[in-house]
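Quick note on numbering: this note's numbering labels position 113 of the sequence shown as 225, and the sequence is numbered without any gaps.
It is possible that some hints are incorrect.
[Said to hold, decoys possible] DSS-like, lysine-lysine: derived pairs with alpha carbons at most 27 Å apart:
id: 1; residue 1: 231; residue 2: 195
id: 2; residue 1: 159; residue 2: 231
id: 3; residue 1: 193; residue 2: 231
id: 4; residue 1: 114; residue 2: 133
id: 5; residue 1: 231; residue 2: 133
id: 6; residue 1: 125; residue 2: 114
id: 7; residue 1: 114; residue 2: 159
[What the hints assert, rightly or not] Computed beta-carbon distance windows for the label pairs:
id: 8; residue 1: 123; residue 2: 200; range: 34 to 44 Å
id: 9; residue 1: 256; residue 2: 291; range: 15 to 25 Å
id: 10; residue 1: 201; residue 2: 115; range: 43 to 53 Å
id: 11; residue 1: 202; residue 2: 125; range: 36 to 46 Å
id: 12; residue 1: 283; residue 2: 115; range: 15 to 25 Å
id: 13; residue 1: 297; residue 2: 205; range: 30 to 40 Å
id: 14; residue 1: 295; residue 2: 227; range: 20 to 30 Å
id: 15; residue 1: 278; residue 2: 122; range: 13 to 23 Å
If you are wondering where the hints come from, they were derived from the structure by calculation, not from laboratory data. Every residue gets a Cβ at the ideal spot worked out from N, C-alpha and C, and that includes glycine.
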Amino acid sequence: MKELIERIKREGKNLGGGILKVDGFINHQVDPALMDACGQELARRFKGVGATKVLTAEISGIAPALTTALHLGLPVVYARKHKPITMPDQVFLTLSPSHTKGRMVELIISPEYLAGGEKVLIIDDFLATGATILGLARLAQTAGAVMVGVGALVEKRFEGGRAALAHLGVTIETLACITSMDDDQILFDE
113 MKELIERIKR
123 EGKNLGGGIL
133 KVDGFINHQV
143 DPALMDACGQ
153 ELARRFKGVG
163 ATKVLTAEIS
173 GIAPALTTAL
183 HLGLPVVYAR
193 KHKPITMPDQ
203 VFLTLSPSHT
213 KGRMVELIIS
223 PEYLAGGEKV
233 LIIDDFLATG
243 ATILGLARLA
253 QTAGAVMVGV
263 GALVEKRFEG
273 GRAALAHLGV
283 TIETLACITS
293 MDDDQILFDE
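Using the sequences and the hints given, assemble the complete structure.
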């Protein structure tokens, strides 16, 4: 998606080690117009998959998941990283490595909001190693839901996430594909 790629070129920062800083418009401060355009494009691409829910991870996945769900007319469920006291004792829980946090994080979903028979579309901000998306897929599977697609704003192709998700057997769509971040550059597959 040209608008997203241009924004990354203008404002994104390669921090080294495969870390792309997009805090000014995706991860810390969110540009609602850009997120709406991204959500509209992801919704267009996944319109025919029959999703009944959009699933993402707290916190950075919420904005693209919400705008995608808005354009599809679906609810969003997000996996929490800490269990609040309002959540029931019995939950769906998995662990997933976080590249930016440098440690394992919990992904927790209440069974009240993800059930058997749901058709789940996973939307996240990044597809890098695929670890977070695989964690979300495990939660969906544990709930008895069926995955119908995976979408992300930014794919870091060089980290192998697409290949790690191939066994899921669903369509994978990304809006900006980065092929290399070597030598302080950010190179796209355009």
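Hint-by-hint comparison with the structure:
1. Proposed proximity of residue 231 and residue 195 is supported: the alpha carbons are some 24 Å apart, at most 27 Å.
2. Simply put, residue 159 and residue 231 have alpha-carbon atoms about 13 Å apart, close enough for the 27 Å limit, and the pair holds.
3. Under the criterion of a C-alpha separation no larger than 27 Å, the hint pairing residue 193 with residue 231 is consistent with the structure, at around 23 Å.
4. Only pairs whose Cα atoms come within 27 Å are accepted, and residue 114 paired with residue 133 is accepted, the gap being roughly 18 Å.
5. Under the criterion of a C-alpha separation no larger than 27 Å, the hint pairing residue 231 with residue 133 is inconsistent with the structure, at around 32 Å.
6. For the suggested pair residue 125 and residue 114, the alpha carbons sit about 18 Å apart, so the restraint of at most 27 Å is met.
7. Between residue 114 and residue 159 the CA atoms are separated by roughly 20 Å; this keeps the pair inside 27 Å, and the hint holds.
8. Between residue 123 and residue 200, the C-beta spacing of about 41 Å keeps the proposed range 34 to 44 Å intact.
9. In this structure, residue 256 and residue 291 break the distance hint of 15 to 25 Å, their C-beta atoms being roughly 37 Å apart.
10. In this structure the supplied range 43 to 53 Å holds for residue 201 paired with residue 115, their Cβ-Cβ distance being about 44 Å.
11. Range check, residue 202 to residue 125: Cβ separation about 42 Å, and the 36 to 46 Å hint holds.
12. Under the hint 15 to 25 Å, the C-beta atoms of residue 283 and residue 115, about 22 Å apart, fit the expected range.
13. A hinted range of 30 to 40 Å holds for the C-beta pair residue 297 and residue 205, which are about 39 Å apart.
14. The beta-carbon spacing between residue 295 and residue 227, approximately 48 Å, falls outside the hinted interval of 20 to 30 Å.
15. For the pair residue 278 and residue 122, the beta carbons lie near 32 Å from each other, so the given range of 13 to 23 Å is not met.
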